[in-house]
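Please build the complex by placing chain F on the supplied structure of chain V, with the hints as guidance.
So you can see what is in the structure, the chains are spelled out below.
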Amino acid sequence: MENSGTFFAPEQEQQVLNVRTNARVSNGWKIFWLVIFVLAANLLFTIHFSLRLDESQSLWQSSRSVPTLLSIVAQDVHVPLYHLILHFWEVFFGNGVFTVRLVSLFFFAATIPAVYMLGKEAYGPKVALFGAVLAAFSPFLNWYGVEARMYSMLVFFTVLNQYFFIKLFHEDRPGTWWGYIISGFFGMFTHYFFLLALLTQVIYFFMNRKLFPPKAGKRFALIGCTLAALFIPWLYFVFHLGFAATSQPLLQTPSTFSLFDTFIQFVFGFQTDHLDTVLVALWPIAMLLGFFALRRDRRSGSRRQISNYTGYFLLSAFFPVIIVFIISFVKPIYLSRYLILTIPSLYLFLSWLISSFPEAFAKFVRVALVLAMLVTFFKQSVSAATPVKEDYQAAVQYISQHATDQDVIVVAAPFTIYPIEYYYKGSSQIQTLPIWNQYAHGGLPSFDPKKLPDQVKQADGSAEDAYVLLSQDQGFNEQIRIYYETHFQRISSEQFSQGLNLYVYKLRQGS
Amino acid sequence: MPNNIYDHSSFLKSEVAKSLLVVNTILVLIYFLAIAFLFPISNQLMFYVLIATEIFHVWQALGFWYTLWDTSYMPKAIVRFTPPVDVFITVAGEPVEIVEETARAAKAMDYPDFRVFLLNDGYVTKKDNWQEIEELARRLKINCITRKVAGGAKAGNINNALRNTRSPFIAVFDADHVPHPDFLKKTVRYMHDPEMAFVQTPQFYKNYQTNYVTAGAWEQQELFFSPILRGKNRMNSAFLCGTNMVIRRKALEQVGGLYEDNIAEDFLTSLFIHQRGWKSVYVPEVLAEGLAPEDLLSYTKQQYRWARGSLEVIFRHNPLFMPGLTFRQRLQYLQSASYYLSGLIVLINCLFPLVFFATGWTPFTVSTMVLAAVFLPYIFLTIYTLSISTNLSYTYRAVAFSMGLFAVHIKAMFSVIFQVKQGFSVTSKRALQGNFIRLVIPHISYLILTVIGAGYALIRFGWISAVVNNIAWALLNCIIFSVYIVAALPERYRHLNTVSKQALPQKVISS
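In order, the protein sequences belong to chains V and F. Using the working numbering, the letters of the first sequence map in sequence onto residues 1 to 511. Using the working numbering, the letters of the second sequence map in sequence onto residues 1001 to 1511.
Since the hints were derived computationally from the structure, they do not count as laboratory data. Take these hints with a grain of salt, some might be off.
What the hints assert, rightly or not - Pairs of lysine-lysine, DSS-like flavour, derived with a Cα cap of 30 Å: (1) V:Lys210 - F:Lys1279; (2) F:Lys1250 - F:Lys1279; (3) F:Lys1141 - F:Lys1107; (4) V:Lys379 - V:Lys363; (5) V:Lys218 - F:Lys1018; (6) V:Lys120 - V:Lys215; (7) V:Lys210 - F:Lys1018; (8) F:Lys1301 - F:Lys1141; (9) F:Lys1013 - F:Lys1076; (10) F:Lys1279 - F:Lys1013; (11) V:Lys167 - F:Lys1013; (12) V:Lys215 - F:Lys1018; (13) F:Lys1250 - F:Lys1076.
Okay, chain V solo, but in the shape it has when bound (with noise of 0.2 Å):
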């Protein structure tokens, strides 16, 4: 009676067991050195730059007791697990910009061989080392992978989460449904958007039932219930604090460039808008892709199956990014960042696509686009012009310089005070325009110009020189530097990163 499965003969049995053994060996070796060249590339130079805007609210948050550091992370509309750990973090180790932004890159390091291990569980080593590579060498991801906010947590968590669930399309064990339960509680409390990932599986549930264990659909009901029975405390706590009082900069409504240019950046980092523009033009070799998934294997003939994890992947790395979109219309919620849940699906779907090639070209696309996204991981690292790029230090080493105890420092927009303080330890005075108090309880004042010349004469104060520090453009810094241009004296000005600039301008004339 002829066996039903496919086996094979003795002689290879061994052959093909000796094979795969040094290929899982060969591996673990690749994935050890990728997350050596992340540690590397990150402890020897990223890491060392200027502390950001959002890393300075962090390090404030975080700072604070832990009330009130739920108090105001949930004014800020965030959720407190990075925060939490940071606390605690800071205490045994300290709060220097180094140390701090460590326990990004421990979870961005981990993110590595959790993309390999969830590839691997899809598509098998090869398309799942790829995908590592990519998460690798991804500028975008290593940019936040040492960024000192919840990012590379999100990512990482959110690996986890997509490894247990593709797990259940074909196990049932207890292990699997209580990594999925305790990847999801983490997620959940590393940032809102995590439960986009959520609702991705969950409508990818209800179009693939047949996929998963009987009952499946109890036990993710019931899994529901419990992840919002443990998360509606936090949701009552915001609500009942009031989270209009953010301290978060005001987003725009996002164009259809925004939605490519994520795209883009996540594959290039952060360019130049010029190149990003040439980047995003060159859509209609996307439709290449698609034209090259029809494709039949050379070798064996065979029709190239789109497997339910390629459709999972796909849907995981879209759905997300066109569902904000479309809300950002209402309420503006779009920025890339929130989205770099969706960029391990969307590396392994690439890694698979490119899988599926013919074998020399598809090698040649996988070092064109390594080697891509070395060069734009050295740009973004090094060019001056990186839009994200925040050099507060060098702006804070520039007025510690120059700056007197008789002088003021003026920043805006007002949350820009964070950084500041973070670095200068000098004795100038610091005030925001619009005046603000971080400390007390509510957001960010809102600016009216008829208050300008009050607010200007306040900040001011009795001050010789005022260095104006405007970044972060909230729609009013323009007005700011023209009131202080055609009502003082100018006496110099410095750019240091795109957005950052000083302007020093005399108050008393004489002196």
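What follows is chain F alone, placed relative to chain V:
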């Protein structure tokens, strides 16, 4: 057979979800309405030309989705219905060994009452081996009708045989289309319905893996012989394809036999038969296997013949104005015939970037990202649906071959319009040697013009998004055409890799 060997019936096993077709329809309409009414017009001539091409695309797309709506319909069959059948094998100079294989297989069909006839046109077409065909018939103890009076090409040959035979049904095979033993059993059963005029089965190419051209030729056929013909069943508009078919003598005689004044005699004869109210059915099962053209010259001759014949239907026997057809039959015939106008559409679309390079003209003024936002969802879903509709058998090469035939289709169109005389030529069953670069001069010219035009535009306009976007479009066309250019290369460059037996696991049979 190992599981990963290509299953040549796999392309027939597909169902497309109706929801997918609905979404496709919505997306194509959104795309069309956006470009027709929402985008500001830039150059009027280009705009209206573009709209005309998009109307053609929308027409083809909607027709295709409608055809796919239900591909499961099959009329009732009665297995016990086994009337006498005359089996015609049309011969016009094909190698004797090819004819012998077909004749032997025809003789071996498992059916109670049939006679095999070689319809020998070698004499009237002045082929050297016409007497060998007669000798073959004697040897195999089958009938041979050698025509001594020329006229009507293959249609005339069959009509001549009709006059010399008497069974109520005829089965027709080309000289290279080898029937399976169950061909007659599985087709004649549908003829129990006295209104059933003919039964058509797929034209499968058993040599599809021989080389690049045979693979491309077959992969193109998969779309037609799977979802399209299957979908036509429910609208009683499946038409004759020239071989692998069974026809009721009475229906054929009612329309005066196969139409002799059109080189796509099968297509037009079907139309006349349907006009008389007869029914037809397509049986989606590979029941005979033929040979694809093995070189580009033979392939383009075949495609030219099909294009010419179909386009004559539009210009001289337009189904919209022919009485006796149902509304759906009119649309289906028009849909199939008008496909061959796509050559002109492809050329126009390919010229748009070149016009921009030379002049800077565009059809409308809109951000390239907005265009991408309405176009990409539609095109990706279309590609996906095309792929799913053939159970993932439709390939990138098939798309490339279809587009690459633009020059052939345009030539056919002008031949019909200017009524250029065209004789019938049999597709060569053996690969013609040499390279056929002359057949791809238009495509190579396009590549050259793209390089020159892109360079000129970059110098003149710089690296602006419009230039980059048009370069991307032109590059896309060049990459697609390159597939067709490869097909024109000498034989040694066109071989596919055959299935590697070493890659296959050994199958262990246990008792």
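Quick rundown of the hints versus the structure:
| no. | hint | result |
| --- | --- | --- |
| 1 | V:Lys210 - F:Lys1279 | violated (40 Å) |
| 2 | F:Lys1250 - F:Lys1279 | holds (13 Å) |
| 3 | F:Lys1141 - F:Lys1107 | holds (9 Å) |
| 4 | V:Lys379 - V:Lys363 | holds (24 Å) |
| 5 | V:Lys218 - F:Lys1018 | holds (28 Å) |
| 6 | V:Lys120 - V:Lys215 | holds (26 Å) |
| 7 | V:Lys210 - F:Lys1018 | holds (19 Å) |
| 8 | F:Lys1301 - F:Lys1141 | violated (34 Å) |
| 9 | F:Lys1013 - F:Lys1076 | holds (20 Å) |
| 10 | F:Lys1279 - F:Lys1013 | holds (24 Å) |
| 11 | V:Lys167 - F:Lys1013 | holds (29 Å) |
| 12 | V:Lys215 - F:Lys1018 | holds (28 Å) |
| 13 | F:Lys1250 - F:Lys1076 | holds (21 Å) |
In summary, the numbered hints that this structure violates are 1, 8.
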